[in-house]
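A.B. asks: The residues making up each chain are set out below.
There are 4 protein chains.
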Amino acid sequence: MTEARKLRMGMVGGGPGAFIGPVHRIAAEMDGKIELLAGAFSQSAERSREAGARFGIDPMRAYADYRQMIDAERKRRDGIDFIVIATPNHLHLPIAKAALEAGIPVMSDKPATATYEEALELEAAVRKAGLPYGLTHTYAGYAMVREARAVCAAGKLGAIRKVAVEYFQGWLSGPLETTGHKQAAWRSDPARNGPGGAIGDIGTHAFHLLEYVSGLKVAALNATLRRVVPGRRLDDDCNAFVRMNNGAAGTLACSQVAAGERNELLLRIYGESGSLEWQQQDPNRLMVKWQDRPEEIYHAAAGYLSEDARAVARVPSGHPEGYLEAFAVLYREFAEALDGWKQGHANPLPPTLPGIEAGVRGMRFIERAMESHGREGWVEF
Amino acid sequence: MTEARKLRMGMVGGGPGAFIGPVHRIAAEMDGKIELLAGAFSQSAERSREAGARFGIDPMRAYADYRQMIDAERKRRDGIDFIVIATPNHLHLPIAKAALEAGIPVMSDKPATATYEEALELEAAVRKAGLPYGLTHTYAGYAMVREARAVCAAGKLGAIRKVAVEYFQGWLSGPLETTGHKQAAWRSDPARNGPGGAIGDIGTHAFHLLEYVSGLKVAALNATLRRVVPGRRLDDDCNAFVRMNNGAAGTLACSQVAAGERNELLLRIYGESGSLEWQQQDPNRLMVKWQDRPEEIYHAAAGYLSEDARAVARVPSGHPEGYLEAFAVLYREFAEALDGWKQGHANPLPPTLPGIEAGVRGMRFIERAMESHGREGWVEF
Amino acid sequence: MTEARKLRMGMVGGGPGAFIGPVHRIAAEMDGKIELLAGAFSQSAERSREAGARFGIDPMRAYADYRQMIDAERKRRDGIDFIVIATPNHLHLPIAKAALEAGIPVMSDKPATATYEEALELEAAVRKAGLPYGLTHTYAGYAMVREARAVCAAGKLGAIRKVAVEYFQGWLSGPLETTGHKQAAWRSDPARNGPGGAIGDIGTHAFHLLEYVSGLKVAALNATLRRVVPGRRLDDDCNAFVRMNNGAAGTLACSQVAAGERNELLLRIYGESGSLEWQQQDPNRLMVKWQDRPEEIYHAAAGYLSEDARAVARVPSGHPEGYLEAFAVLYREFAEALDGWKQGHANPLPPTLPGIEAGVRGMRFIERAMESHGREGWVEF
Amino acid sequence: MTEARKLRMGMVGGGPGAFIGPVHRIAAEMDGKIELLAGAFSQSAERSREAGARFGIDPMRAYADYRQMIDAERKRRDGIDFIVIATPNHLHLPIAKAALEAGIPVMSDKPATATYEEALELEAAVRKAGLPYGLTHTYAGYAMVREARAVCAAGKLGAIRKVAVEYFQGWLSGPLETTGHKQAAWRSDPARNGPGGAIGDIGTHAFHLLEYVSGLKVAALNATLRRVVPGRRLDDDCNAFVRMNNGAAGTLACSQVAAGERNELLLRIYGESGSLEWQQQDPNRLMVKWQDRPEEIYHAAAGYLSEDARAVARVPSGHPEGYLEAFAVLYREFAEALDGWKQGHANPLPPTLPGIEAGVRGMRFIERAMESHGREGWVEF
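Chains as they are written, first to last, in my numbering: chain R, -18 to 362; chain U, -18 to 362; chain H, -18 to 362; chain V, -18 to 362.
Source of the hints: derived by calculation from the structure; they are not laboratory data.
Don't take every hint at face value.
Computed list of lysine-lysine pairs in DSSO-like fashion (alpha-carbon distance at most 27 Å, straight line) [said to hold, decoys possible]:
| no. | chain 1 | residue 1 | chain 2 | residue 2 |
| --- | --- | --- | --- | --- |
| 1 | R | K14 | V | K14 |
| 2 | R | K137 | R | K78 |
| 3 | H | K109 | U | K(-13) |
| 4 | U | K137 | V | K137 |
| 5 | U | K(-13) | U | K323 |
Covered stretches of chain R, as calculated for chain V (at least 3 residues, CB under 8 Å) [stated by the list, open to error]:
| no. | stretch |
| --- | --- |
| 6 | 2 to 10 |
| 7 | 242 to 256 |
| 8 | 259 to 271 |
| 9 | 296 to 306 |
Treat the numbers as computed from the prediction; the structure is a model and nothing was measured.
Think of the CB as a built atom: it goes at the ideal place given N, C-alpha and C, for glycine as much as any other residue.
Looking at chain R on its own, in the form it has when it is part of the complex (with noise of 0.2 Å):
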């Protein structure tokens, strides 16, 4: 039964210190389709190596480098089916060249790439290699965020008029980056980050949550970014004007300086006649607010939902699903994703699995949000 094969997968990056690696871990694994069995974890052979035990590794499979890790694996008959990227931003494009370039498909943290220039770049290589390249905005596999979607795809709100975004935390309201903090360090860091500094870190899952709900693109922006913290070197906190393509217009809002906000993302879009409201902290709830009867509660696997949104509940209605089932939900798609490229599909990811065109979006975005800065006025994306 050879269907039942998990698919092999090998990590970069998500070694000692960073939260991220077992949380991609446990993700990948959820769904029984996938198995963590090599990686490169960390720069360090005797750190890959701590960090391949904890995830019960074998030690010959925990590489110091991800060429190395690249090279040999190919060379096996058992060797990984595809390579997880999760290293700092400035990483991203050479790790996820070389894998496409030996034949390995891709699945990366967000944001793409460090810059837009390199998110271009990229997107050549994976039209070249012609493999599956899936991008982790976690957000997007969320059951009512999907539900959010097919609602205004059916039209149900009516012509979509205003929208509005924002994602606020705190964790940065003071100089952590001068701490030893690693997260903050890299984040904090031009060289690593890239040079958007919030607006890139969850300006990025706001501006894509924004269309991947709407079902309509950004078609100018108006940014203003701001570095709140003394001695910080990227933008804190960000507030952004966007017009959408169908004239609905709106904001967008992230910082990371909102002392207090743990990790609120709120998504509000309203059309004609009604509108919606998802915030990540309460996910399993979706609220659709009508103009001339009772605002409504959808909840998570509920029977009446549209079919994307229960298709990826796992438990049935109240049992909260969180972060990590929105996760793996999107690996479970790559995973069918793969599945299809290997039975020689042409163009295998789903529409709802976010890949390589919403990377690119994602860096246009940080790139036309720090144009915009510069000129104090409004840019066409």
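Use these hints to put chains U, H and V onto chain R, whose structure you have.
C.D. replies: Here is chains U, H and V on its own, set in the frame of chain R:
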């Protein structure tokens, strides 16, 4: 016991079809310091008498014209002590000026006037008359708005860095002004409303609340206004970036085409060490979110609140107060100010009660927002 | 235009230290149909005059004794039209009887009397007098309680199967009655309060709300009462099983030692196909949960509500109304009932306004709960 | 690096149509310490193989019978380290006994057995075998349940006086067991389920949560059970009064006919100076309400939480964890206990992991509730 005599109020506007007339009456009379005894409720003598009868007013004191009311009342020994203006905006200035010139203090619906120029004219008239002038920015009367103001004033959040205020309604999602709806009709007519649509009607509330609570002033703004409903003559959806006089920055948004929203006024203020959040539709709670300790919910009428917040509670904690009670707080303070003025106090208005200064700033805000919109960029306040 | 004359109210009790006096005054006068003109606010003549002065009442009409007030007022041409009773419970019966015997209608704080036997005596007196008698079960005045009642009456939930009502407060978590706190003192004294502590003070509210909304009657109950705070003479925490007259069953709980709760009155009613939930601290929303479709939130003052609910709204949807407004709805209905009675209507009280029948049932509830507690088992109602 | 070897799990039950099989698999494997390698998923050999294939299991290790699995696996060098029981209740005892007698540790779905007598028999078997036995009272695995337990244990609320726990579902509002629904069918059949319906299925969860968090024991109870849906053979709606071993008292309620509820498990515990509230459908927050200071919201994964609560967090605060993660916490602790047991620890189960004692108490609770119901009165526990 002369101190017990109720102040006599005369109302202009607020007649048939206006929900705001009864609201003013209830709010004014709630704390037992004021009674409505006269009115020019409508420009039709008959309809004014009808409205007066519903209010239980002597038919002799139900006037067809505010000038007539002012003339007649000043001749009575038991004439009105002040007037309240509850008309469409274009009448605010002439009525207020007439009253002030006749020596009658004024309590006015916001916005203070129809245009910024008028506001300056009114300000001069108020100064010249030396009479109390109050402005019913209702939300300033909520206990938990007072508490939020006290939290900011005490510096509990650390230096304020970021602000976000929004006021979303959906009632103008369709062309209501073309259906005979009186409220919508005059608000959509530049001649009666002034040049600002949503920005004037509710944006000014958001603006006032922001300055009132934070203790800061808007120093610059970049606003974009839209007319979403086809055929509408005034803006119905607005977004603005704001910069505060201490360097903090953020957003101010308002909309009357946010389908499904009823009266979503939400204020968030972020300091170095924490933030606060207040929603008008859940007015008896104030959320205070700390960076390093548990989030707190402050409840109205609780013993641990600031003196300012406790002073306005009428019922024990857990018994909700609402919009009418907030409105009534302003009337109570206005009544106390009138008493102070009668006793010769020079500056009788307490700092908690919005007056002409707030009125001028509000009109300036509309004017600046329109200027910014025209320029598509930042303007100093 | 005599129909516009306000009804003249005389208050008994509600003097210094009682928060309920001003609450009655505000609620009674809110809708412009009633004015407070006389009172026996305290048994001390001086304190009664002081209270009267604060209410702006003619000192001649601030009496030291309710009998004196009744005698004096019935001789005046402009004497009071009704009295409101806002005293400790043990005085409810003698005051009400004296008023009724003098031909004066009565609006009374709940509970109707101090004991069940007194309630029967009062019922006889009300019947004999043929005068309007109202009971201020405040929560019955909330718009969304009216809506919940309409939802049940229309059978929208299917047959009702299960009920759960609870009323939790924390203010008596300590021995407040020993500290000079007036409210706590008389409520903890069997001689002034009657035999039911929490069960009488707030259990009766829960009981009334349950029957009022469901349209059902409690047919049997099994109650257990506790005195949690050492030295307390009356129950302060109670739980009961209830069986309704249609076979539905559930629980009724109340407590005044639920530390941390302010005024948590929560009603849930479950039918065959859905359920409703209403919380007094969030009174402008009614949750309606369906078995097979999205949960709904009904908002106060919305156009889709029942006529009964819309009838009591004073401000547009999204502008919160609270406890005082609910209280005032009962006064408005009482005023209308008085008008009807003056015009000779036999049964002027509308079914939405609690009267003597509700009063007797409430006292019966206390008596039955104590009987059940003594027997440690079920009793028929 | 032998410490990294994953524990090998064999599952009994959880085959086609059972949502709980995949849930156990996901939860067991989530933290990388366990892998599912064998199973007797169904009593049909073919269906067991099908289920095994979906789980990616070697067809040789997909057994048709648990006895067969136990025999075969103990002969393998790489045989299973423990079994998990995910069958209807009546099979729990024979499977657990067979495993224990074969020297195989057991992780079991709750309730431990079908009857109290069986629970005692199982307890003896566990004691005799001296093997780890865990019980998946899932809710005990939530971080904020751990925090609530820590708050109580630290005495922060003062002496506990009052408790209220409820677990309301609506999925059995109709006669679902007559429609071919497998879950409903066995749960409504006394032969497969045992004598307790809702009281056994979810009442035991409520009971366990109450004791687990409060640190107290139920000392007496008075329960009333109903069969609401006509034709149903087991209780579907239950209410109970409880008395705790410290003198505190309160209620325990459960229902599966609460139409419109999904999985409303709510725990409230009241002490002298404050209270806590936790809802399973909003699991990442713990409300802590103080009598004299602002209410607090504790957030999962926050730095200020107790060590016990922080220990179970997998993602940063603000990233929701849910039901599967809570389940997985129990598996993680079970895996650690197994490691401890292999190293010769006498009592390897941590106090946070429910074991046979909790299993026996749960079955005792059902038995006592039925006894109380039959007597219509209180019973000692």
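A.B. asks: State for each hint whether it applies.
C.D. replies: Hint check results:
{"no.": "1", "hint": "K14/R / K14/V", "verdict": "holds (17 Å)"}
{"no.": "2", "hint": "K137/R / K78/R", "verdict": "violated (42 Å)"}
{"no.": "3", "hint": "K109/H / K(-13)/U", "verdict": "violated (40 Å)"}
{"no.": "4", "hint": "K137/U / K137/V", "verdict": "holds (25 Å)"}
{"no.": "5", "hint": "K(-13)/U / K323/U", "verdict": "holds (14 Å)"}
{"no.": "6", "hint": "2 to 10", "verdict": "holds (count 5)"}
{"no.": "7", "hint": "242 to 256", "verdict": "holds (count 4)"}
{"no.": "8", "hint": "259 to 271", "verdict": "holds (count 5)"}
{"no.": "9", "hint": "296 to 306", "verdict": "holds (count 11)"}
In terms of the numbered hints stated before, the structure departs from hints 2, 3, listed from lowest to highest.
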